[in-house]
Amino acid sequence: MSEKRLTVQEYSDQDLIAGCLKGKELHQEVLYKRYFSFAMSVCIRYTKDRNEAMEIVNDSYMKVLDNLGDYDSSKSFKAWYSRILVNTSIDNYRRNLKHSSSVSIDNVENVEMEPEIDIELSVNDILKIFSQLPENYKVTFNLFEIEGYSHEEIGKLLGVTTSTSRSNLARAKKMVRDIYNKEFNSTARRHEAV
Amino acid sequence: MKQFDQIFREQAEKAFSTYNADDLAQEGWNSFVNRQKGRKRFAIIIPFWAKAASVAVLISVGSLFVYQTLRDDSTGELALKQESVSQPADNAQIPVVSDQTNHTDRLSSPEIAPSSASILLSAPEVKVAEVVIIRNEESDKVKIVTEQEYEVTEEENEGEVHIAENKIDEIVTKEIPSADIADEVPVDKKTSIIAGLSGMMSSIEDLMVNSPGVSVGFYVDRKLTRRLSVRPGLALAMHSYGSTNVSSGKVFMSSLTNTGAMTGSVDSYENQLDMVTLEVPVNLVYTILERGKSSLFVSAGVSTMVYLDQNFSSSFTNVYTEQKVDLASGNAYQETRTQDVSVESDEEAFSHVDYFGLTNLSAGYSLPLKKGGNMLIEPFVQLPVSDLTSFNVRIRYGGLSFKFRFGQESQQAK
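Note that the protein sequences, when read in sequence, are chains A and B. Per the numbering used here, the very first residue in the first sequence carries number 1; after that it's consecutive. Per the numbering used here, the very first residue in the second sequence carries number 1; after that it's consecutive.
In short, the hints are calculated from the structure, not lab data. Nothing here was measured: the structure is a model prediction, and the numbers come from that model. It is possible that part of the hints are untrue.
[What the hints assert, rightly or not] Straight-line distance between alpha carbons at most 27 Å, and here's what the computed DSSO-like set of lysine-lysine pairs gives:
| # | chain 1 | residue 1 | chain 2 | residue 2 |
| --- | --- | --- | --- | --- |
| 1 | A | Lys156 | A | Lys78 |
| 2 | B | Lys293 | B | Lys324 |
| 3 | A | Lys78 | B | Lys14 |
| 4 | B | Lys293 | A | Lys75 |
| 5 | B | Lys371 | A | Lys63 |
Same shape as in the complex, but just chain B (with noise of 0.2 Å):
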C-alpha cells in the first residue's frame, strides 16, 4: 500500500494538472494590460532619455578631439614675466637677495621681498650659494627653500649680477578626480547608498605624473525611471604628483631670469604637486543591458571640485651663457653660468573653488553579491572643463573606480 505522502502527492499533482482558471483569464489579462500601460508611460521617456545620455557622451568626446586638436604643444611651458638689471658689481658676498629698486640692498635673512624677490649671482671665482624666494602671486606663503651652490665656466671678473624680479604666472597643480558613478538601479528602491574606492592617474599638460591618486566617497542613487538615474555624491581625494625632466625640452614651469646679455634656459627640473581635494560629483547612470541580477551601465556628468590643500614644490637647475669679448686681447668668449631654484607654494583650505571644472564619462558593469547589494566596477575619465586648481593648469585623469551598493535586495534569477 502507497504510503500518505506519496498518494497525497500524486493526487495534487493530478488535481493541479487539471486545475481549470481560464473564467478568470479575462479578468487576468486586463488586469496585466492596466500595468503595462503604466510602464508604457516609462517607456516613452526611457528613448528620451536614453538620446539625451547619447548626446552628451557624443558632445563630451567631440569637445575632448578639439581639446587635443586645438591645444597649443608648448602649454607646458609656463611663461615668465622677467625684468632684467644688470650691472657691474663688486665680488659679492653670497646668499644675497635684493630688491629691484636698490640692487645693492642686502638681505641679512631670507625675508620675503613685498612684491618680489631677485637673485643675486657672485663672483664667478667664488662658489656661490643662492638662496631663491620666489612669491606666488596670489598667496602669501612663500618661503626659501633651498640655498644650492654653482660654479661658473668662465674665470672672469665678474661682479654682482643683479636678476630682477622673478614672477610666476603659473604654478602647475593638479586636481583630484574623483570616480564617476554609475550602477544598476534596485527595483524595489528608488534611492540607495554607495560606498565607492578609486584609484586613478593623471595627465598635466603634456606632462605624465608618476604617482596615482586615490579616492574614497559616498553617493546617492536615486531612480528616476526603470533605466534611468541621478547620482549625486561627495569624495574625499588625496593626489601627490611629481613630474621630472631630465633634459631640456618642454617645461612644466620655468624660472628663467633675464640676465640682460645672457640667455638662459631650464636644464632640468623636479616639480611636486600634494593636493586633497573635496569632489561633488552629479552624474546621470543609464543602465544599458540588464541580465539577471547583473547590468552593463554608462554615465555622464559634472563635478565640482574644492580644493582643501594645494602644496606645490619645485626645482630647477638653469644654465645662463653669455657670449663676450675680452676687450684686452679682442677674443670672443663664452660663459656658462648654471643657477638653482627652488620654489614652495602652499594654499589655504578652500582657497580656489572649480565650480563643475571637470567632465565625467565612465562605463560599468554590476555584480550581485551573496550577502545581498551589488558590487560595481567602472572605469572612467574626467576631463577637464576649465583650467583647473589656483594654479590654473588643466588636468585629464582616468582610472578604475570600485563601489558597492548597499542593502538592495537581490533580484531573483528565472
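With the rest of the complex left out, here is chain A (with noise of 0.2 Å):
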C-alpha cells in the first residue's frame, strides 16, 4: 500500500517522530512543516533577518533528526525543539560576535519617564526594536523575559558572569523602552495631534 501525502494534521507528533526516526523522508518533511513557524518565531529574535532565521531553523533540525532516537517520549517535543533552537540561534550569535556591532548606551536618547503602551504591537514591531539593539543585549533580553532563562543559564550559556547578564538585561531593556518611545510614542501623539 503506497504511501499518499499527508496533509499536517493527519499524523500525531508521536507518529512524526517514530517515522522520521525510520528515516521516512515524507514524516520529516510534515514534522518539519509543523514546527516551522514556531521554530522562525523563535530563531528570528536572534537574528537580523527571514534568510538567517531560516538558516538556523534548518541547522536546529538538522540537530533534531540527528538526537531523535534521545528524545524523551513523554516530554513535550516543542520545548525539546525549542531549546534546541535557542541553543543553534546562540550558536550562531556567538560565531557572529565579532561581526556583530554595537551601539553606545549614550548615543540612545535618555527618558525620564517610562513610557506607556498604548497601542498592541505587532511582530514586526517588535522586531524593528529588536534590530536596534546590539546584539548581545537583544539576546540577553530575548533569552531572559521572553524564554525565561535565569542570569545563571545565561551566564553559561553566553559565556559571561551573572552580574554581566544582570547589566546586560537592564540597559536592554532601558533601550527598549527609549527606542519604543522614539518609535512609536512619537508617532501616536503626532496621530493624536492631528
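Make the complex out of the two chains shown on their own, each in a separate frame, by following the hints.
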C-alpha cells in the first residue's frame, strides 16, 4: 500500500517522530513544516533577517533528526525543539560575535519617564525594536524576558558572568523603552495631534 | 498599571506565539533537503569506512590469535652457536681471555678479540675470577662488564679449560610502542592538534617485564568524514625493561658455552634493557557514538619505530657438570662448576628502524573540557608485525593513553 502525501493534521507528533526515526522523508517534511512557524518565531528574535533565521531553523532541525533517538517521548516535543533552537541561535550569535556592531548607550535618547504602551505591537514592531539593540543586549533580553532563562543560565550560555548578564538586561530594557518611545510614542502623539 | 517591561514582554510573547511563516515553509524545506543531499554523500562513504575499519580490527585480532597459536614456546630461549675446545692445561692464572685459535694466548688487559671472545676457567682449587667479553655481531661496542668468582665443587686437578667462542645470536630487546590515538572529530574544524601522554607495560617473547614505559607525543587529527579521521603523529618513548629468573627454566638469553664433555645450563639470569624510541604512528579513527559533547571511538593503524638508543645488559649464572672417572681408583664422580657471565651491548642512535613494525589497536572515550578542547582517555594494545629492535625480538605492548585536543569549540548540548 503506497504512502500518500498527508496533510499536517493527519499525523500526531509521536507518529511523525516514529517515522523520522525510520528515516522516512515524508514524516520529516511534515514535522518540519508543522513546527516551522514556531521555529522561525524563536530564531527570528536572535537574527537580523528571515533568511538567517531560516538557516538556523535548518541547522536546528538537522540536530533534531540526528538526536531524535535521545528524545524523551514523555515530554513535549515543542519544548525539546525550542531548547535546540535557542542553543543553535546562541551558537550562531557567538560565531558572529566578532562581526556584530554595538551601539553605545550614550547615543540613545534618554527618557526620563517610563513610556506607556497604548498600542498593540506586532511582530514586525517588536523586531524593529530588537534590530536597534546591540546583539548581546538583544540576546540577553530574549533569553531572560521571553525564554525565561535565569541569569546564571544565560551566563553559561553566553560565556559571561551573572553580573554582566544582569547589567546587559538592564541596559537592554532601558534601550527598549527609549526606542519604543522614540519610534511609537512619537508616532502616536503625532496622530493624536492631527 | 502594569510596568512597561511587563507589558512589552506580554505583547512580545503574544506576537511571537501567533507568528506565521508558513509562506516560507516550502522554501525552508527545499533548502534543508539540498543540504541533506550533501550530507548523504558522506553517509554513503561512512558505512564503507566503517566496514573497512571493522575488517582491519578483525584481521588484527585474527593475526594475534594465529600468532599465539603458532608461536613456539621455547622462543624465549636464545640459541647460541658454540664451539668448544678443551685440553688439559696447567694451573692457570685468572682471569684470562684467549682467542679460539690460540688457546695459550693470554691477554693482559680485557681487550676485545676481533671476532669473538673466549672464557677460560682456571684450576678448581683456585677461586677463579672470570672476565667475560662478549661481542654482538652487529655492534662494535662490547666491553668487559664484570669479574666474578666461582668455586668448583670437586677437587680435581683441572687445568685450563678453554672455551671457545661464544656468539650471541639474539639479544632480546624491547621496543617502545607509543600510544595510539583516536578521538572525537571536531565539527567546526577539519584539523586539530593533540598532545598525549601514555603509560604502558610490555611482554617480550614469553616473559613479562617489571618496569613500565612512558611516551609523550604530538598528533595531528585530520577529519575525512564526520566520523572518520586520520591521525599521524610523532612520539618519544622511554623504556627500561628488566627481567629475572631465579631458577632454571625458560631463559631470556643463554650464554652457555660448549665445554666438551661438560653439560651446562643457565641457573639464573638478570637482564636489563633501556631504550629510547621515536615512534611515528599513523592511525584511522572512527567515532562510533556521539552523545552531546562526548564520543566513543575506536582506532587502528601501524607505527614505525626509530631507535635512538638501545642499551642491553645482562648477567648469567651458568652451571656446568661433567661425569668423570678416577683412573686410579676407578670411581666415577661428577664435577660441577659455576660460571658468571655478563653482557653489555649498546646500539648507536638511528642504527635500526622498524618500518610499520607495530599494529596499533585502541578504543577510547572523549570528554569535553570546560575551558575548551577535549580530554581523550584511550586504552590501547600494540602487537608486533615482525621482529623488533636490533636484537630481533617480538614485543607486545598494552597501556593507557591520556590526550588533550587543543582549541576545539565545544558543541552546544541540546
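Checked hints:
1. Simply put, A/Lys156 and A/Lys78 have alpha-carbon atoms about 23 Å apart, close enough for the 27 Å limit, and the pair holds.
2. Proximity of B/Lys293 to B/Lys324 is assessed by CA-CA distance (about 78 Å); at most 27 Å being required, the pair is judged violated.
3. The hinted pair formed by A/Lys78 and B/Lys14 meets the criterion: a straight-line CA distance of about 17 Å does not exceed 27 Å.
4. The suggested pairing of B/Lys293 with A/Lys75 holds, with an alpha-carbon distance near 22 Å, which does not exceed 27 Å.
5. Using a Cα cut-off of 27 Å, the hinted pair B/Lys371 and A/Lys63 holds, with the two alpha carbons roughly 24 Å apart.
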